[in-house]
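Novice: Quick mapping for you: the protein sequence lines, in order, are chains A and B. 454 is the number of the first residue of the first sequence in this note's numbering; add one for each residue after it. 8 is the number of the first residue of the second sequence in this note's numbering; add one for each residue after it.
Among the hints, erroneous ones may be present.
[Unchecked claim] Computed list of lysine-lysine pairs in DSSO-like fashion (alpha-carbon distance at most 27 Å, straight line): (1) A:K520 with A:K531; (2) B:K25 with B:K53; (3) A:K513 with B:K200; (4) A:K465 with A:K541; (5) A:K465 with A:K693; (6) A:K513 with B:K91; (7) B:K259 with B:K25; (8) B:K91 with A:K531; (9) A:K570 with B:K405; (10) A:K513 with B:K405; (11) A:K540 with A:K570; (12) B:K259 with A:K540; (13) B:K53 with B:K187; (14) A:K574 with B:K332; (15) B:K160 with B:K91; (16) B:K143 with B:K187; (17) A:K518 with A:K693; (18) B:K332 with A:K577; (19) A:K570 with A:K518; (20) A:K693 with A:K541; (21) A:K540 with A:K513; (22) A:K540 with A:K693; (23) B:K332 with A:K570; (24) A:K531 with A:K513; (25) A:K518 with B:K143; (26) A:K675 with A:K541; (27) B:K160 with B:K141; (28) B:K259 with A:K531; (29) B:K143 with B:K53; (30) A:K531 with B:K332; (31) B:K53 with A:K541; (32) B:K400 with A:K520; (33) A:K693 with A:K675; (34) A:K541 with B:K91; (35) B:K405 with A:K465; (36) A:K520 with B:K405; (37) B:K405 with A:K540; (38) B:K332 with A:K540; (39) B:K405 with A:K675.
The set of hints was computed from the structure by calculation and includes no laboratory data. Predicted model, so just to flag it, every value in this text is computed and none were measured.
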Amino acid sequence: MNNIIIEIQNLKKDYHVGEVTVHALRGIDLRIEEGEFVAIMGVSGSGKSTMLNILGCLDKPTQGKYKLDGVDVNTLSKDATARLRNKKLGFVFQAFNLLPRTTALENVELPLFYNGKVSSKERKEKAVRALEAVGLAGRMNHMPNQLSGGQQQRVAIARSLVNDPVLILADEPTGNLDTRTSFEIMELFQSLNDKGRTIVYVTHEPDIARFATRNVIFRDGKIQRENIISERLYATEVLKTLPVENIEEFDI
Amino acid sequence: MNLTNLFRIAIRALFRNKMRAFLTMLGIIIGVASVIAMLAIGEGSKRSITEEMSSMGSNLIMIMPNFQQRGGVNLGASSSMALKYSDVTAIRNEAAFITAASPTVNANGQVIYGNKNTQTSIYGVSEEYLDIRKLKIATGRIFNETETRSMAKVCLLGQTVVDNLFGEGVDPVGTTIRIKNLPFEVIGVLEDKGESGMGQDQDDMIIAPYTTVQRRLAAIDYINGIYCSAVSEEKSAAAIEEVTEVLRRTHKLKEMEENDFRVMSQSELIESVSTVTNIMTYLLGAIAGISLLVGGIGIMNIMFVSVTERTREIGLRMSIGGRGKDILRQFLVESMLLSLTGGIFGIIFGYLIAQVAGTLMNSTTFITTQSVVLAFAVCFVIGVFFGWYPARKASNLKPIDALRYE
């Protein structure tokens, strides 16, 4: 049996908006093993974003247990949680969230700055390797505004990889991208998953969710159902079926 | 995150908004520059006054009669007849820390030569007076002992008196002038001494043997004061004590009785003048300090803007493992960089302003190490103090809120 990366039991999250209490999550049980590729789906307000925040240790549940790679997250202090995020998690955002006017390489290096044990030489090596892994070896010294959306998201993925995390969390990673680029990003995720990375992503697009190995569908703060994908799509093959576009557009 | 990286991040953040960083720094630059310049001007004038006062005499110690009160009526210092020439002799003979002593007898009067006349002060002194007051003879000579003993009607003129009676560039030695209608032979002219620190013309005077002034002009048998030179500046306190002792003995004062004279040293005088100039310096410094404070508020303002504008960056940094204190340090370093860079430029500008002001106002300016250290320390404190609150705000942000911030 594989290592259990995420173990959640009866997890609840309430928000207080003025006098009203919103029950965003009403008792979630979830378990994700190492090497899984999970898509969290659901309409807006279903609690999927709240779930992702809690998975990412950015928010604390009101009630319930959350173990990340064997660590009980609820008992950790603020600083320890930050350290946990630094060591065990990688984030990919819908809006990429790269630092402007900062080269791709430096953007990727960023998480390592908060890891005191990494020397500056090591930092650079790791960042270079991460950028090579996402196919941007030739774009290391480009600024974000000199990169296309897909390339920016690749930089963000390289940044999430650089600390060698146990889990990559992606919040609508293809939300700001066109279809072709979306598939290219999913292709990258799939190849990372093939190498053993555990990836959890949130999406509301069913065809993007079909690249995962498992879908978890949220509704009204509960898990409505879980699907093991039987007919999994492979992005490399899907891309072949798309008409060839002018892909030299961003080559400088 | 180590300090080098914090500095790199801060420098980059500031360079992203060069104009804004510059304008913020300008507040600090102006503040520091004005503090430095004001303190330099204050210090400069203090020094020049002190210098002029020490040129009054060498390790000067002055003895004046004390205020006398009879039945509540203050008769004033000059009406006191406490000091006699015998006191001068006693000091010369008995006070070891005193190298020279001269009596002074003051008179005022009209001085006439030909068809010109002027009103001036006549000081009756002994020969030692020249050394004690650092006066030099331009032409002619000082009166001798015989002339003193015989109450000879001889005198030396200050430059202003020469100018008033004879016109500029005339050598009056050998001529006879009339002081209070008595004929006096001019035997010498004193060298130009200029204005005193208090704006008094030190050349508007005549000196004559004390016996002559005492008997012939003032018609008194006491003296108005005694000027002495102490062995050295350091020994002036000891000299004061000694002189007091000698005078109490010669005046036969009982233990309970108060002194009927006052002893002042030059350093005491300088001190009292310094107090005044110090107050002026602090006042100027305080006004300049207010503009520094305003500059600090400018930093705080811009740091708030910076925090707000980079909320998403803060959220990102937190989500990839930045702790609250990492974020706090990042913004603190930024604000301190602003204030310290501003401080350095401010010190340079302050120096230039002080130079220009010194030239324009024709006065000395002096930048002390303390004022530079003070300005720099204040900048440091401003950077921390005014950067703290915005940085604290940044570090307290919740990562999810910061990431979602539009």
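Novice: None of the hints should be skipped; say for each whether it holds.
Specialist: Okay, the hints, checked on the actual structure:
Of the supplied pair hints, the one linking K520 (chain A) and K531 (chain A) holds, its CA atoms being roughly 16 Å apart against a limit of 27 Å. Of the supplied pair hints, the one linking K25 (chain B) and K53 (chain B) is violated, its CA atoms being roughly 41 Å apart against a limit of 27 Å. A hinted pair counts as satisfied when its Cα atoms are at most 27 Å apart, and K513 (chain A) with K200 (chain B) does not qualify at roughly 85 Å. Distance hint between K465 (chain A) and K541 (chain A) is fulfilled; the C-alpha atoms sit about 23 Å from each other, no more than 27 Å.
With a CA separation close to 43 Å, the supplied pair K465 (chain A) and K693 (chain A) exceeds the 27 Å bound. Note on K513 (chain A) and K91 (chain B): the hinted pairing is violated, with a Cα-Cα distance of about 96 Å set against a maximum of 27 Å. A C-alpha spacing of about 80 Å is found between K259 (chain B) and K25 (chain B), which places the hinted pair above 27 Å, so the restraint is violated. Using a Cα cut-off of 27 Å, the hinted pair K91 (chain B) and K531 (chain A) is violated, with the two alpha carbons roughly 87 Å apart.
For the hint linking K570 (chain A) to K405 (chain B), the alpha-carbon distance of about 26 Å falls within 27 Å, and the restraint holds. Restraint check for K513 (chain A) and K405 (chain B): satisfied, since their Cα atoms lie roughly 11 Å apart, inside the 27 Å limit. In summary, the hint linking K540 (chain A) to K570 (chain A) is supported, as the alpha carbons are separated by about 11 Å, within the 27 Å threshold. The hinted pair formed by K259 (chain B) and K540 (chain A) fails the criterion: a straight-line CA distance of about 93 Å is larger than 27 Å.
For the hint linking K53 (chain B) to K187 (chain B), the alpha-carbon distance of about 40 Å lies beyond 27 Å, and the restraint is violated. Note on K574 (chain A) and K332 (chain B): the hinted pairing holds, with a Cα-Cα distance of about 25 Å set against a maximum of 27 Å. Of the supplied pair hints, the one linking K160 (chain B) and K91 (chain B) holds, its CA atoms being roughly 21 Å apart against a limit of 27 Å. The suggested pairing of K143 (chain B) with K187 (chain B) holds, with an alpha-carbon distance near 26 Å, which does not exceed 27 Å.
A hinted pair counts as satisfied when its Cα atoms are at most 27 Å apart, and K518 (chain A) with K693 (chain A) does not qualify at roughly 44 Å. This hinted pair checks out: K332 (chain B) and K577 (chain A) have alpha carbons roughly 24 Å apart, not beyond 27 Å. Restraint check: the Cα-Cα separation between K570 (chain A) and K518 (chain A) comes to about 30 Å, which exceeds 27 Å; the hinted pair is violated. Distance check on the hinted pair: K693 (chain A) and K541 (chain A) sit about 35 Å apart at the alpha-carbon level, beyond 27 Å; violated.
A hinted pair counts as satisfied when its Cα atoms are at most 27 Å apart, and K540 (chain A) with K513 (chain A) qualifies at roughly 18 Å. A C-alpha spacing of about 37 Å is found between K540 (chain A) and K693 (chain A), which places the hinted pair above 27 Å, so the restraint is violated. Restraint check for K332 (chain B) and K570 (chain A): the C-alpha separation of about 17 Å stays at or below 27 Å, so the hint holds. Between K531 (chain A) and K513 (chain A), the direct Cα distance comes to roughly 10 Å. Compliance with the 27 Å bound is thereby established for this hinted pair.
Restraint check for K518 (chain A) and K143 (chain B): not satisfied, since their Cα atoms lie roughly 99 Å apart, outside the 27 Å limit. For the hint pairing K675 (chain A) with K541 (chain A), the CA-to-CA distance comes to about 26 Å; that is within 27 Å, so the pair holds. With a C-alpha separation of about 24 Å, the suggested pair K160 (chain B) and K141 (chain B) falls inside the 27 Å cut-off, and the hint holds. A threshold of 27 Å between alpha carbons decides the hint, and for K259 (chain B) with K531 (chain A) the separation of about 85 Å lies outside it, so the pair is violated.
At roughly 26 Å between alpha-carbon atoms, K143 (chain B) and K53 (chain B) fall within 27 Å of each other, so this suggested pair holds. Pair hint K531 (chain A) plus K332 (chain B) holds up; C-alpha atoms about 11 Å apart against a cutoff of 27 Å. With a CA separation close to 66 Å, the supplied pair K53 (chain B) and K541 (chain A) exceeds the 27 Å bound. Using a Cα cut-off of 27 Å, the hinted pair K400 (chain B) and K520 (chain A) is violated, with the two alpha carbons roughly 30 Å apart.
Between K693 (chain A) and K675 (chain A) the CA atoms are separated by roughly 37 Å; this puts the pair beyond 27 Å, and the hint is violated. The straight-line distance between the Cα atoms of K541 (chain A) and K91 (chain B) is roughly 98 Å, outside the 27 Å bound, and the hint therefore fails. Between K405 (chain B) and K465 (chain A), the direct Cα distance comes to roughly 19 Å. Compliance with the 27 Å bound is thereby established for this hinted pair. With a C-alpha separation of about 21 Å, the suggested pair K520 (chain A) and K405 (chain B) falls inside the 27 Å cut-off, and the hint holds.
For the hint pairing K405 (chain B) with K540 (chain A), the CA-to-CA distance comes to about 19 Å; that is within 27 Å, so the pair holds. For the proposed pair K332 (chain B) and K540 (chain A), the alpha carbon gap of about 18 Å is at most 27 Å, so the pair holds. For the hint linking K405 (chain B) to K675 (chain A), the alpha-carbon distance of about 25 Å falls within 27 Å, and the restraint holds.
This entry does not satisfy hints 2, 3, 5, 6, 7, 8, 12, 13, 17, 19, 20, 22, 25, 28, 31, 32, 33, 34, going by the numbered hints stated previously.
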